[in-house]
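A.B. asks: Take a look at the letters that make up each chain.
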Amino acid sequence: MSDPTSATNPSPAADKVSINLYTRNPAHAIPQSTYLIPADWRRFQLSELINKVLNTTSGESAESAAPTPFDFIIDGELLRTTLDNWVKSRKNGDFESVINVEYIQSLLPPKQLESFPQDDWVSAVSIQRPGYILMSSYLSHLKVIPMAQAGASATENALITMNLPSTLGATCCSWLSPPTQNENILVGAGGVDRQAHIFRIPSLLDMSATAATPPQEIMTLHLHTGPISSITPSRNYEHVLTSSWDGLLGVFSLPTPAKPLEETHDLSAEPKSYLPGQNSKKKRKLAGAAGGDTQLGGWRKQPDMIMRGHTARIGGAIWDKEDRNKVWSAAWDGSVRGWEADLGFNSVLKQGPADKAALCIDQMTGSGTLATGHMDRTVCLWDTREATSLISLTLQTASPVPSLRAHPTSPYTLATGTYSGTLQIWDVRSPKQALFSVKRQQKEGKGERVLGVDWNGEVLVAGGEDGEVSVWSARGE
Amino acid sequence: MPPKRAPTATRPAGSKRNTATKANPTATAIAVSRKPAVKRSREDDRDAAVHVDDENLLAGKINGGVKGKGKASAGVVEDNEEDEEAEEFEIDTGSSNGDLDDFLDREALESPADDEDEEDEEDDEEEGYNTSDIEAMENASGDEDDEFDDASSIASSSIAPSTVPDSNLTLDQLIAKHTYKPDENMDVYVSQATGGRPLVGDARTGKFSNSKEGTGRLVPSKFVKGALMREYDDIEAGYGSESSTEENTNTIGNVPIEWYDDLPHIGYDVSGRKIMRPAKGDELDKTTAEDKLLQKQVQLSDKELDIIRRLQNAENPDADFDPYQETIEWFTGKGNEMTMPLSAAPEPKRRFVPSKWEHKKVMKIVKAIREGRIVPNKPVVEKPRVYGIWSNDDMENPPHAMYMPAPQIPPPRTVESYNPPEEYLFDEGEKREWEQQEKEDRKLDFMPQKHDALRHVPGYENFVQERFERCLDLYLAPRTRKVKLNIDPESLVPKLPSPKELRPFPTNCAVQYRHPANSRVRCVSVDARGEWVASGSEDGIVRVWDLGNGREVWRWNLKGGPVQAVEWSPNKEECILSAAVAGRIYLLAPLALISPHVAQTTLTHLNTAFSSSSASTNNIASGKPVVPDAKWVRPSEDERDRGMMVIIEVQGTPKQITWHRKGDYFATVAVDATNKSVLIHQLSKHQTQSPFKRTKGAVQRVAFHPHKPHFFVATQRYVRIYDLVGQQLLKTLMTGLKWISSMDIHPLGDNLIVGSYDKKLCWFDLDLSTKPYKTLRYHTKALRSVAYHRAYPLFASASDDGSIHIFHGTVYTDLMQNPLIVPLKVLRGHSIKDGLGVLDLRWHPTKPWLISSGADGEVRLWSS
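Protein sequence lines correspond, in order, to chains A and B.
In this text, residue positions in the first sequence follow this note's numbering: the first is 17, and each later residue adds one.
In this text, residue positions in the second sequence follow this note's numbering: the first is 26, and each later residue adds one.
Since the hints were made in silico from the structure, they are not lab data.
One should not assume that every hint holds.
[As the list claims (entries may be wrong)] Label-pair restraints from in silico Cβ distances:
#1 B/LYS687 <-> A/ARG401: 46 to 52 Å
#2 B/ASP663 <-> A/ASP222: 40 to 46 Å
#3 B/THR835 <-> A/SER131: 50 to 56 Å
[Said to hold, decoys possible] Under the rule of at most 27 Å between Cα atoms (straight-line distance), these lysine-lysine pairs were calculated in the DSS-like manner:
#4 B/LYS403 <-> B/LYS525
#5 A/LYS459 <-> B/LYS509
#6 A/LYS448 <-> B/LYS525
#7 A/LYS462 <-> B/LYS858
#8 B/LYS584 <-> A/LYS462
Cβ atoms here follow ideal geometry from the backbone N, Cα and C, with glycine treated the same way.
Excised from the complex, chain B in its bound form:
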């Protein structure tokens, strides 16, 4: 039974909107409690059916019976309109009849209504939906009165062909007509229901019905006999829909319901009629709930009770809710393994760009670590087992930035004791002296006194004064924080490769070349093949030594005072040794030691000019500046036999000889020859020229560039570079030295070292600047000689302190890389004599060996 009734039971709720006044079946529920038991069981069934069908309604009931109230009030209004006095009867019959009628009508009319619906829809297709709608609105006001009767008559005729039995229909319509009191709104209702037009075929339109097109179906109207009304499907009242929260009809508003406790009614409906108090059931009946507003017991269904029970048990109120339902694996699990990425979109840029904010955050932490606010792996400070509980005096002050401890009072000394040892006490003399001294001059500002016991010590008379001074001290103490640099000095030293990695370099003295009578050896030189060593000593003798074993194999006695300079020609095909003494430059060739072939080329080179211009040994080349003081002299035959080939007489005392790399030109420097101090000699032509008319300052050293036609001139403070071809000054190097003693040019030609008498060595990078790239000061006395190795990246400096310093000096071809200078070794061995130490040094041309000469009359070979 309930399933069959379900549509009918729900229908009034939906249709109520359209009809507004209609016998509400649920209104019977009001009467249920008062009715005889026969009726009651039936109504119960109906209620149950309602609840089964619509759970939303159920929920409304539990919350205060909104739905029930609405329905009930609708019914009450209807009833009250009919007759207040005979309400029971009226309601009873009306409700039962209407209910039954409804049921019967629906059953009977369902199929024809459907048919009509279909027809309507066909009509709709012919005529536009919107236009008909508008027309309906226009017609609604004007045509309703005069066409009303027609419509009703036509309606009956139009109903007639239907399958519903006429007798029943007419009877019902009659009853409805008489039990219903039409009001002013009736017209509107009808016109709305019929679309404001006669229900049956209008002559003007030729249509059977102008009723509103829609989804509703046409049913015979309950209010107008024979008329049709459109009935729509129920609207499912979902949560939040209008119907679910329908206002109850008790309009007392928000007043306590207790105010109506002593009244027979419980409030008023929208029309102002009293709503009577419903009957109350048994207090003990747990299956009912009280609707406070309507003051009645609402019967709870099993389902509602189940919901209550669930709520009491803190379970889900929904019985159908399954908390343990199977997980539906949409994206995971077997068969759903992801074989392709979810998205084919390219990786966004932010995945690769480091987060700026993260970086800021990290830098904040880094800063804190640097400042020491965060100390990683900070050891946990254990609280001492015993500590002062009253004060923190024994604790260190917290390292606050502004914390400044007061200057400490020095701890008391023994002399300040009340019972000092006897030796601290003043004797008479000291006492007198102390008393005579000014207060500021006293070493002690008190006189030590001896007391047997502490209790004999008198009060300290200067106490206030001393406190005052202490306060003054504290007051005047500078409130500045002296920051001690806590830098590891090792970290400031540049990282240099270990000398072990830079081998080979000379480390030990291998051979000594001993000069008789220990005469000072001012100069030394190694021949181009690295086999002979020439040395010039103060006894005026130039000696040639076997480099390997220190045997003197040849000597020339120049008899001209100390030999100032010796220098082998760099040409390997020849064997020419130049030596300088006061006023003379000798060109020597140890003919006995060299092979006939070398001897021949040497002699040819030296003697060609003699043979070509034998008339004049006083060579004056045309167009060249005459240097009358440079005279090329041919020695005597005996001297020539000894290998003394040419003598050049010059002004002053040449102190330095330096050869051009090709072995034809050589330059000499005689400091005391003023304007003619620098001379350039040419062997093949026996020519001498003075390149400078006037020199700025006293020239100390000169040098030829290793491969360019440049000429380096070192005066006392500056090094000037001249272009010999262009006859111009190229550059002046500011050495910053006081007195240059020596100079050498790197074999690649871009670097220069300069040694000075003021103990310094300057390294110039000629590409870099005219200021020194590095100034090294490590010798304790004047530097005498500096030299680059021709093949190895080594250079050395000799000093009067008797030591030779060996350096590694790599010059990179990359212009951006600075030369690498690494101190390697200090060679000690030469003894200091008369304040002079090592006087000269030379590198072996091919091996990392060094030859040095000293004031102690020794020449030494330092080998690796």
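Bound-form chain A, shown alone:
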């Protein structure tokens, strides 16, 4: 093993710092030992050191492999300066004690790739189907936008636009078919009109087929008495979970190739008029851009399961990433609840402070930890594997977090969008500070709030008040 100190920095280092280097990623693990490092080293030198040690241990020559950049976390904080400065500012110049330094693979800061301006607020985005962005807007429509391949110019044209029956606006959207399914793709959207709407797209590849039979709303999910806050497909895409402001969770079954849609109404239509004096045209007018067709929307469906328990608006609900039947929901009453979806049974209740209103929820892969974004400017992590634990970690942000997405594979990183218009990538190992925080360009006369983000580990898509769907390249470990 070459001596790293002599190899890199010839300057007369005044002080030496002893550090322990470790990582949680087994791919980059190096032998455990304490290194005596010149105090004026920065991230770069430390990264080189690790690369050298890695190459030496793996037996390869230093030149053969491209060096992997690393970032270093000390006490939950990313090392941004020299070790010397860090020790002086954080440890009052205590150079004697050994510092534990965790290193992670370095990530490039997010870079904006494309931007798709819209006419109204974008309420939610989804990129669960590779290559396509599904977005919902307060203009009450769903759009599928093809993501441009690298190098290609951004296309503003939406591939498909689907209108909701009312003009009140769509609040959430989701792909409801597996990415492998290329025909009869289902998408869902929840609206302020208290209903979730399921659309069927014949095909995304063959545009001619789509042109022949335009996407059509096939199902209208009736349950909620308040606007829908989230719509999520189960892992096997057989059920869809909706949550609403009224504190209810509904599980509806989705048509699958094996189980085609029953073309019947489960319940009668909502009353058109409530009193003799009330005009029968009201509903239709409210519905907005609807034709003369008496059949507004799809087939009215009732839920398979209703889960009651929350006392306030539900911010979001997700399916557990490991347990098929498990559902997690976070609400404005400060609680996070776990449900058995097949029984409708509230199995877990984690009641936080009552004023801690949760706006969104997602689950970290691998660790099962739940991440919730809150109105009080925090992101909270809830350990689901310990029954008694409440909030295990709190990430402080500058403004409310209406949307967040965990990395699809990594158990450490997550992306958040905030009301102040920033997109942040967090690493739970560095909870004091976000790894990256980028601000969306603000347009004149428009608000800056980000309302929805989605992240597949490579690409981060965000939409918000400024009516723009922006695509960022953001890798996460």
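Chain B: place on chain A using the hints.
C.D. replies: Same frame as chain A, now just chain B:
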């Protein structure tokens, strides 16, 4: 020999009292020194025996031979009575004989005397002790002469049966008779000794003897032959007893004994006879001591010498005294451990009552500490190493209570120097100006002058004047002591809990609800479920917003000028929004946003009155005061489709709408509608009534009590509370404000906050008084709105200065505890536009969040 003789030697001292005249054996001691050596040794022995027996006597001897003198003088008296001339012989024989006789008599008579004693005691028991005593006294005077002879004769016969040999006895008695000269007292003695009766059996009494009963024993009398005399035991002459301090017989009194130096005698005894000077011994004899009064050497015994030696050595004179004797442990030590308290008495009260005097003493010290006279842990003032030895001028004056330093003369300035820098010197203009000015107006009372050297400085012409003025200053200086308050200002601030402990409360702006064209938002309201925010802006549009993300979801354009007030109905089962514009009150329902069930109840509630009395929209209820200016109008069908359900046309411009808690009644205030300014509307009947025929002052705000049928009316200066059921005025609150702008009632109903345009906020405790419990003034401009939170102990005030103040206000159920008011947070964010800042604010019904609307065209949600 001495032990045997001891009783006899001591006896004369004791018996002398009874007999008074008796041959004293110690009288021989006088003769001892003159007698031949044969006699002398014997007398020495006797003396020694005396001293061995009686230590008290010893002590007397050393002190001046009191005892010895007494005995000696007794003997001398006796001798002198017999014959002065033949004293030596007489004394010698008498003493020796008497002594011997005594001895022999006693030896012989001891046993019979004892027997007689016993008999006497038996007699005593037969006859009372006291009576016999008295009889003896009576008889003593009368019967003594005639019975004397009988007594003596009988006495001899009564003695006869005794064991004493007759020959000796008679001989002795004869000798005694002849050597003794009876005197006048003799009778008394005899009668005393015999109890004043014939010694032998009296015919009248039939008794053998009437002698005095007692403890003494009967012995044959020395003076009367054959007679008996009672002899008593020796009285132990203790310290202080009569005998121990017996007077000596030399009666010269307190004259120097030297006066007798050239005389053969040394004084006189009680009878006036001379006491002759005794012989002197050897000067060198250390074993004798001089008795000054009797002028003789007293032989000191070994014991006395030992005592002297001890005194010389400063030891205890008592040889038997053991200074190192064992301690006798009565209460301590092994085996004497106290297992029980000494006393079973209960603890006295004083052990538990704090001592009053101790308390006074302590309070004295405390007072001194408070006044600073005693300073605990006062640092020792070290004397400076160098100090003025001639005066204390450099020392600080002692902090005396009356000490008042004279006003200080300001230190000299540069301009007063004899050689000031050039710039201080006057130029021509300044000089002229200075000269022209009045003396009082001059800034400087002298003209600066420059001198090269100090020796060129002339005498100061104004010196006397200046001294005089200084004296005047000192004289006129007020002789009062200005006490500076040395109070830590922090200590005056009441102790309040830290805001951190009172979380949650709104701290940051979370959501903004932006109005286009930044039109002023005069009013804002949050619906009963806390999901929708309604705002009314000056462009005449009422907007409904999603509280969570600030999306405008519904709007009504009222087209009636600025929207003055919006208010959601507090009923959660319905969704009714009331809005006021000039001359109209709208009842709105965002039907598209609410579930069909809620929409149905809402519509039913709003439309029932239309359907029941469809003929008249101009509702006039029978028996109620007609309010022709309040007209319930049904909007057109299109308007109803949009959710505009009812329009009430009223007089003036309603500025405030407030709902009754049940959501059926609501009250409006239109300041410019004079008498009809306050209206109470009932939804279910479409009725409007004016509760007051005439209002005192311009009504600003009204409010319903949270749970009682009370109605609060705020005019410009007062808040009046009316009972709606009893139709009477309950209370008038004196706010002390000039113009009330806003008012809110605590959800418990006992407290009230009032905001005013004169920047003040008053908190009223309705149980306490009609005056404000607290008046807070912290805003820099007029208050526009105040509000209590319905669930949390919070209240807030909004002002034209663009800030919102958040307070913690706990109201205790305990009536004795005043509400706790703690300022928590100042929220800044609204910008001031045209002198207007925050116009309205509302609390979220369940969360500690605040909604505020501002003149800058923004509504903000402040979250914790």
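A.B. asks: Hints the structure violates: just list their numbers, smallest first.
C.D. replies: The structure conflicts with hints 4 and 5, although it agrees with all the remaining ones.
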